[in-house]
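Chemist: Going down the list, the sequences are from chains B and S. At position 29 of the first sequence the residue is numbered 29 (my numbering), and the sequence of numbers has no breaks. At position 148 of the second sequence the residue is numbered 148 (my numbering), and the sequence of numbers has no breaks.
Please keep in mind that the hints were generated in silico from the structure rather than gathered at the bench. Treat the numbers as computed from the prediction; the structure is a model and nothing was measured. We treat Cβ as the ideally placed atom computed from N, Cα and C, and that holds for glycine. Warning: the hint list may mix true and false statements.
Here's a subset of chain S near chain B, in silico, CB distances under 10 Å, partners left out [unchecked claim]: (1) Val278; (2) Gly280; (3) Ala281; (4) Tyr313; (5) Lys359; (6) Ile422.
Pairwise CB distance ranges (calculated) [unchecked claim]: (7) Asp43(B) with Glu343(S): 40 to 48 Å; (8) Ala16(B) with Ala423(S): 46 to 54 Å; (9) Thr322(S) with Asp70(B): 48 to 56 Å; (10) Gly84(B) with Asp420(S): 46 to 54 Å; (11) Ala16(B) with Ala55(S): 39 to 47 Å.
Covered, in the sense of this in silico footprint (three residues per stretch, anywhere, with C-beta under 8 Å from a C-beta of chain S), are these stretches of chain B [to be verified]: (12) 19-32; (13) 40-52; (14) 58-70; (15) 73-83.
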Amino acid sequence: MAAIDITHLCRLAQLALDENETRAVEGDLERIIRMVDQMQAIDTTGIEPLAHPVAGTQRLRPDEITETVDRERFQSIAPAVEDGLYLVPRVVE
Amino acid sequence: MSTPDAFAPIAELARGLRARAFSSRELTRYFLDRISRYDGALNSFISVTEARALAQADAADRRLQEGQVTALTGIPIAHKDLFCTAGVATTCGSRMLERFVAPYDATVVARLDAAGAVTLGKTNMDEFAMGSSNENSYFGAVGNPWNPALVPGGSSGGSAAAVAAGLTPVATGTDTGGSIRQPAAFCGLSGIKPTYGRISRYGMVAFASSLDQAGVFGHGVDDLALMLAFMSGFDPRDSTSSEQPDAWLAGAANSPVGVPERAPVIGLPREYFDGLRVGGAALDAARRSLEAAGCQFREIRLPHSAMAIPAYYIIAGAEASTNLSRYDGVRFGHRCENPKNLEDLYRRSRTEGFGMEVKRRILTGTYALSVGYFDAYYVKAQQLRRLIQNDFLAAFAEVDVILTPTAPGVAFPKGDLTDDPIAMYQQDIFTVPASLAGLPALSLPCGFHEGLPLGLQLIGPHFGERALLETGALYQRDTDWHRRHPEGFAA
Chain B
1 MAAIDITHLC
11 RLAQLALDEN
21 ETRAVEGDLE
31 RIIRMVDQMQ
41 AIDTTGIEPL
51 AHPVAGTQRL
61 RPDEITETVD
71 RERFQSIAPA
81 VEDGLYLVPR
91 VVE
Chain S
1 MSTPDAFAPI
11 AELARGLRAR
21 AFSSRELTRY
31 FLDRISRYDG
41 ALNSFISVTE
51 ARALAQADAA
61 DRRLQEGQVT
71 ALTGIPIAHK
81 DLFCTAGVAT
91 TCGSRMLERF
101 VAPYDATVVA
111 RLDAAGAVTL
121 GKTNMDEFAM
131 GSSNENSYFG
141 AVGNPWNPAL
151 VPGGSSGGSA
161 AAVAAGLTPV
171 ATGTDTGGSI
181 RQPAAFCGLS
191 GIKPTYGRIS
201 RYGMVAFASS
211 LDQAGVFGHG
221 VDDLALMLAF
231 MSGFDPRDST
241 SSEQPDAWLA
251 GAANSPVGVP
261 ERAPVIGLPR
271 EYFDGLRVGG
281 AALDAARRSL
291 EAAGCQFREI
301 RLPHSAMAIP
311 AYYIIAGAEA
321 STNLSRYDGV
331 RFGHRCENPK
341 NLEDLYRRSR
351 TEGFGMEVKR
361 RILTGTYALS
371 VGYFDAYYVK
381 AQQLRRLIQN
391 DFLAAFAEVD
401 VILTPTAPGV
411 AFPKGDLTDD
421 PIAMYQQDIF
431 TVPASLAGLP
441 ALSLPCGFHE
451 GLPLGLQLIG
461 PHFGERALLE
471 TGALYQRDTD
481 WHRRHPEGFA
491 A
């Protein structure tokens, strides 16, 4: 098992942990990865990965308009909006 | 009004409504009163929607007057707080969604509303359905009605506790790796997770999309089948919804589940019984009861069973880390105060909004999907998922259904496993394989260990709900475990 770089994982997942949490999660994750490493004992050469439990292709639907954008309704649950736009901190100075 | 029985099957309550023994408003009031009387000690509801319930009950009473009824008209139910309900908060047990009110109804909610059911409220759950004890809820742990110091199981622990205490006749749940079956076992209930694709996932807050499936808790299999008759069926709004019709299941709305025409051949997988410490005697007794009813038993092998927990925690973690990336503090959900910049907005909103177990799962999934580990973990887990499914497909060439324990033990004390995620994950050891394979599975009460309920699990082939429910009906015809209720919740 390779060392787990919690700081890197937190950056990828956009999470922040304090020092105590980092230590605890590091220990937990090491144990979780050690547990899942049992998988490596089984030879899976040539086995097709199963992404979806029930066979079948995704169906296509007729090219008809069935939904309309109801911006006001969807934005009514947003934390901060103005003039139909979602507000975030300034990105470009 | 004659007093209803809080533990009665739906069909009996429906007869009471049609015979005017009580109105839907009286029946709804009766369960609302039970919730206010008993739920303080259990915490099984996150929100109780009294005004809405009484309005639905009045509408049901009008339809009863007009004779325009379904098998659910006027019957109180509750929804796991993971199904979106327009106008009512859907928290998913998380601070992230504490104030989230969905702008639309989940298909399950819409269908049950249309059938005339009355929604009493939304039930407690592990945050984002991640947990096996309901202790990961932002809204507090739930007590098991058989002993409130013990957990009800999870993640649908609130729904299980509410039905077991007679606070609602039935409740919806969802099951990703055992979240209906394990709490059903811990609370002495019947609970079913149908085939993946049987019930629309539209409007269910996503955890692991290739595994999540809606289902239901009740006392006996008749109520499960009746609810499934309304909940299941094709939905164009869910791209994984099955188009396979089931006339038998649709008919279960109006007639009780019969016993099978031909007694089924039942497989006992050795991997599930080797080393079982609790419940062996109850499972032996269940086997004898089914044998007396004509069933044949055959030992079978599911050789990759031990790989199910490792594969599951990679696949579910990977899918969760992807699904939960949508929570960014911008469009809906929790947003931190005074973000300094965009990065700070994302990071603090997520850090404040998610609890520890959710963070652990996101980080596990992030690890499995990150550069250099993708093939070793994610692809490997999907290959094992194939082998696990192949094990089941081979077994179903020999047997009609498979019987196993539902959980490795009975309900445990709150706090016992909270510091040990690996031990907590082992709770799912018998339920996760059917989830990975997308198979329907049913948990039925089958006895007690030191005063606490035990469950047996029946697993069927894809779209084999009929075989499961009829085998369950055969078992419940000859046993009365599903009619045992915890003390202290009398009318």
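Chemist: Close enough to count: is the Cβ of Ala281(S) nearer than 10 Å to one in chain B?
Modeler: Because about 30 Å separates Ala281(S) from the closest Cβ in chain B, which is outside the 10 Å limit, the hint is violated.
Chemist: Given the hint of 46 to 54 Å, check if Gly84(B) and Asp420(S) actually sit that far apart at their C-beta atoms.
Modeler: 49 Å, holds
Chemist: Verify this for me: three or more residues of the stretch 40-52 of chain B with a beta carbon less than 8 Å from a beta carbon of chain S.
Modeler: holds (count 9)
Chemist: Can Lys359(S) be said to touch chain B, with a Cβ gap under 10 Å?
Modeler: 6 Å, holds
Chemist: Are Tyr313(S) and chain B close enough, Cβ to Cβ, to be under 10 Å, as the hint says?
Modeler: Result: holds, 6 Å to nearest chain B Cβ.
Chemist: Can you confirm whether chain S covers the stretch 73-83 of chain B, using C-beta to C-beta distances below 8 Å and requiring at least three such residues?
Modeler: Holds: 7 residues of the stretch 73-83 of chain B have a Cβ under 8 Å from chain S.
Chemist: So does Asp43(B) sit 40 to 48 Å from Glu343(S), Cβ to Cβ?
Modeler: Holds - the Cβ-Cβ distance for Asp43(B) and Glu343(S), about 43 Å, lies within 40 to 48 Å.
Chemist: When you take the CB atoms of Thr322(S) and Asp70(B), is the distance between them in 48 to 56 Å?
Modeler: The hint (48 to 56 Å, Cβ to Cβ) is violated, given that Thr322(S) and Asp70(B) are roughly 26 Å apart.
Chemist: Does the nearest C-beta of chain B fall within a distance shorter than 10 Å of the C-beta of Val278(S)?
Modeler: 22 Å, violated
Chemist: State, for the Cβ atoms of Ala16(B) and Ala423(S), whether the hinted interval 46 to 54 Å holds or is violated.
Modeler: Taking Cβ atoms as reference, Ala16(B) and Ala423(S) lie about 27 Å apart, which means the hint is violated.
Chemist: So is the stretch 58-70 of chain B in contact with chain S by the C-beta rule, three or more residues under 8 Å, or is the coverage claim wrong?
Modeler: n = 4 at 8 Å, threshold three: holds.
Chemist: If I claimed the Cβ atoms of Ala16(B) and Ala55(S) lie 39 to 47 Å apart, would that claim hold in this structure?
Modeler: Because 44 Å falls inside the window, the suggested range holds.
The structure is inconsistent with the numbered hints 1, 2, 3, 8 and 9, although it conforms to all the rest.
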